[in-house]
Every structure is written in structure tokens, then in C-alpha cells.
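> Sequence:
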Amino acid sequence: MANFSFVSGAKFRPFSYQEMLQPLQAYTQEYNTIQEGMGELGTKADVFERMANEQTDPQAYAMYKQYSNDLAAQAESLAKQGLTPASRQGLIDMKRRYSSEVVPIEQAYKRRQELVDEQRKLQAQDSTLLFDRPASTLSLDELISNPALSPQSYSGALLSKQVGTASQNLAKEVKENPRKWRTILGNQYYETIMQKGFRPEEIMQAVQNNPEASPILQGIVEDAVGSSGIKNWNDENTLNRAYDYARQGLWNAVGETQYQTTSNKAYDYAMQEGLIAAKKANTGGTPSAVFRSVPKTKVNGDKKTTELNNELQFIKQLRANPELINKEEERYTQGYATQYGSVVGGGASYKVKPNAERLQQIIKKYNMKSGNIDQLEQKLQADIRSSAVRDFIYKPNITQSDLITQVIKENARTLGAATESTGLYELDDNRKGDPIELETISDYLTDDSDISYDPEVGLIINATKDGKTKSAVIDPELIDDADRNVAGYMNNINVLLENGYDVEAQKHINAMMNYIYGKFNTLAKRQSNTDSKLE
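Mind the numbering: the sequence shown is residues 115 to 649 in our numbering, read in order.
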């Protein structure tokens, strides 16, 4: 038996609930921390899914998508396997990757928005500012690879000013030496011209980019646009806008035109002889007995006359004060839509030259390709003076209409057999239309046919068949004589009206109506005498 004894004074103390719970709490806390960290990263990353576009930003989108997929895989592993050393390391790696892969996308997006705002502010300060591209079209890929990227810009107003400065000296130089002589007002006068600088119509040619415009003016524009570097932007629309701004500066080259006129005696003598001949031809009776004037139905007649007078006053104002061409007016841009559906810009003011635009429209309207202001003014004056004559149709008072039909029909058949042209043309919208074939002339030549003269169209024959009225334009050769009197009258009338000699034109119309009346009245008398002898 042992000679010693062991006495233990220890007491049993079981773990408390709190002590047993501490490891589980630590695990749970760590698990939640990692889960929340991954959730936070996922929430931040999801924002950029809407920013990066797979089509326009393929690299940024691919980088975001890879990060998003890897983050989802880490979260799935944590859910299935629980907390492990790998899950802790995974969170650390995903935080590091967020800084290197997602933050650059965020910075690129913010940079693009800053550039959009910057362009908007610059355009508010200078509405003519041109950019090589809108900032809203920059891709995130471009800004990630080059954070300092910024669109180039150039002021349209500066282009205009540069061209204007280069053009100013041209306005003081005598452009043509010696003086030029030319005939005006239908050869009634000779005019001598001394030109300093360029005429408005020459500037207009250059503004319109007419190939026939002055090479000097074109060269100034090309130099300004070329030095701006805009041609290197490879944007045709922006380049065209740059040219438009540059060409506005050309109006500074408008100079002074000095005129001196002298009478053309040869024209005066010829006009006097023509009037004497017209008076001699006017012996067949008074106009009221020989022909009648029938007013045209005018829907927009008053409007047209008012428009002509307004345009004439505008041209006179430009001649009196060429500086009006440069008068500017403020307008506002409408903005443009971005690829994200928002509207950028708009409301920014820019300046235009409405008088220059209106002059361009008038030149185009009257087909004055030369753009000569003097000729344009003469054309408007002539149209206004001639409108009273052109607003009537003139009908000879011939009662025996079948004689007219007979003469025209016989001559049309003879002419058609010889030349394949009947001398008759369809009246299409009050204009000379397609030739009428020989087989169908009977539709236009009936026993009740009558002829009339419209200064805007020519000789017209009207006929009724089967209850329908048809009209055709007559070649004067069908009723003319060997001396071609009718053709001569019509040619003189056209020239006089074109140059605004309405009184002289009316006298020639009277003479032609007397001639036509006398010709067919003589035929009627001959026919009457023949019938009497037969009886």
C-alpha cells in the first residue's frame, strides 16, 4: 500500500454560454464582413454596367464584365463553402482589382461628362465654335487609354474675322483699269464703270462657292481654313460649316462702283423709226373696233406685284448702302441628340447676315447667274412696268372664225408634211408644251376656233369639241406673210417688255392686232365677194 495520499482541491467549472458562443460570433462576424464587402463591391460595379456600352466601349465593357463575373463566383463560393482562408484572400484580391479595373471606368465616365459640360459652356460664350467631334461621342475606351484626351476646337467667328481682315485692303484697290463700257436698258444707254474692290454679286459668287468666283477671294478663304487645321479633322459637315463662316468675312471686300451714262443715239433713231412704222400699221381702225383686251384671272396678282416692289426696294437699299450686306442678326441653335438620348447644346446664340441670304435668294429666283446688282434692279423694274401689259389677253374682233381655222389648218398640214412639225403646241399650265402631231390637229381647229395673244405665252388658238375646250400655242409662221410681220411684232414686244418699255410694247401690240384683223378681214371680204359672184 502506498505510503502517501493525493488530495485534489480543484473544482469543476463548466464553460459559460457566452464563452462557448464567442468562436461562433467571431466566425459569423468575419463571414458577414466578407459577404458585405463583396456585396458593396458588387453594388458599386453594377453602376458601371449602364455606363459602359458593349458596342462603343468594348474594352471597358469586357473589363467590367470579367470583374462582375469573378465577384459573383467569389460570392457563390462563400455561400457554398463558408468562411475559408481562400475567401478572405478573394475579398482582398477583388478590392485590389476594383481599384485597377473598375475605378478607371468611373474616371473615364466623369471625364467625358466634364468635357460635355465644358463644350456647352464654350458654345454659350462663342456660338460659332467648331469641334472636331462632340465630347458626348468620345468612348470610354479612348478616355481610359488617354485620360488627357480633349476634342480640338476652332472659332467660326475667328475664321470670318481672319478672312475679313485679309479682304479689307481689296475694297480700296481699283479692280479694273481702264474703265469698262457697256450697254444698258435695252441698248438705250452706254454706261462706263470704275470699280474699286469687289461688287456684291462677285462676293455672292464666292459665298455660294461658285466655280466661276474670283480666285483671289477663293484663295483667301482657302488660306484661312487651311491654317485652322480643320481639314485634318476628317469631318465633312464641320468643314463645310467652317467654309461658311470663313466666306462671310469676304463681304469686307465690297468696294465702290462709280457709274457714268450717256445716251445711245443709234438706239433712239431706231426706236423712232419703229414707232413711225407702228403708227402706219395702225390705220385699219381704232383698237376698240379691231381688238379687245381681256383681263386675266389673277389669284396672286396683287401679291406678286407687292413682292416685286419689295424686292426692288431691297436692291435699291443695297446699292445705296452696300454695308447693309454685313448687317448681322442673332439666332439660336437647336442642339443635337446624343447616343444616350439626351439633348446637348441648343439655345446658344449665333450670328447670321439676313440681307446677304435674301440677296442670294433673289439672285437664284431670277436666275441671274452673274449676280449683277444693276441687271437685277433693271429686271425688277422692267417686270413691274410690264406687268400691266402682261395682265391682259388680246383678241382680234374677227367674226368669221372658220377663215382662221382654214388658214391655220392648211398651213399646219403643209408645214407638217415638209418638216414633221405642225407649228402647233399644247398649252400646258399657261406655257408652251409638247408639239401637236398632224393626226390630232383637228381637235384644236374647229369652226368656232378663235385666236388670241398672250404676251407671256404668244399666239393661242382656242377651240371647243364635244363640249370640251382645248387650247394650243401657234407658231406665228402659220398666219404670217413672207415678210414675217407677226414674228417681228412679237419679237419686238418681248424685247420691249423685258426691258420695261410698256408703252412702246402696247403700241406694237396694237399694230400687230391691226395687222391680224386686217389680214383675216380682207380674207372675209374676198370670200364674200366670191360668194356673191357665184350667186
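FYI, nobody ran anything at the bench for these hints, they're computed from the structure. Ideal Cβ positions, reconstructed from N, Cα and C, are used throughout, including at glycine. Check before you lean on any hint, since a few could be wrong.
[To be verified] List time: in silico EDC-like cross-link candidates among lysine to aspartate or glutamate, alpha-carbon distance up to 16 Å: (1) K509 <-> E570; (2) K579 <-> D557; (3) K509 <-> D557; (4) K582 <-> E551; (5) K345 <-> E444; (6) K209 <-> D184; (7) K467 <-> E442; (8) K465 <-> D240; (9) K523 <-> E534; (10) K430 <-> E315; (11) K275 <-> E336; (12) K523 <-> E570; (13) K523 <-> D568; (14) K523 <-> D557; (15) K584 <-> D564; (16) K224 <-> E256; (17) K465 <-> E443; (18) K584 <-> E534; (19) K345 <-> D358; (20) K523 <-> E591; (21) K579 <-> D516; (22) K582 <-> D561; (23) K478 <-> E315; (24) K410 <-> D568; (25) K179 <-> E228; (26) K465 <-> D497; (27) K523 <-> D561; (28) K523 <-> D580.
[Said to hold, decoys possible] Here are the simulated distance ranges between beta carbons: (29) Q282 <-> V408: 56 to 66 Å; (30) E350 <-> N440: 23 to 33 Å; (31) Q239 <-> K209: 18 to 28 Å.
> Run every hint past the structure and note whether it holds.
Evaluated hints:
| no. | hint | in the structure |
| --- | --- | --- |
| 1 | K509 <-> E570 | holds (14 Å) |
| 2 | K579 <-> D557 | holds (7 Å) |
| 3 | K509 <-> D557 | violated (21 Å) |
| 4 | K582 <-> E551 | violated (19 Å) |
| 5 | K345 <-> E444 | violated (27 Å) |
| 6 | K209 <-> D184 | holds (12 Å) |
| 7 | K467 <-> E442 | holds (5 Å) |
| 8 | K465 <-> D240 | holds (10 Å) |
| 9 | K523 <-> E534 | holds (14 Å) |
| 10 | K430 <-> E315 | holds (14 Å) |
| 11 | K275 <-> E336 | holds (14 Å) |
| 12 | K523 <-> E570 | violated (24 Å) |
| 13 | K523 <-> D568 | violated (21 Å) |
| 14 | K523 <-> D557 | holds (11 Å) |
| 15 | K584 <-> D564 | holds (11 Å) |
| 16 | K224 <-> E256 | holds (13 Å) |
| 17 | K465 <-> E443 | holds (5 Å) |
| 18 | K584 <-> E534 | violated (22 Å) |
| 19 | K345 <-> D358 | holds (14 Å) |
| 20 | K523 <-> E591 | holds (12 Å) |
| 21 | K579 <-> D516 | holds (14 Å) |
| 22 | K582 <-> D561 | holds (14 Å) |
| 23 | K478 <-> E315 | holds (12 Å) |
| 24 | K410 <-> D568 | holds (9 Å) |
| 25 | K179 <-> E228 | violated (25 Å) |
| 26 | K465 <-> D497 | violated (34 Å) |
| 27 | K523 <-> D561 | holds (11 Å) |
| 28 | K523 <-> D580 | violated (19 Å) |
| 29 | Q282 <-> V408: 56 to 66 Å | holds (57 Å) |
| 30 | E350 <-> N440: 23 to 33 Å | holds (28 Å) |
| 31 | Q239 <-> K209: 18 to 28 Å | violated (43 Å) |
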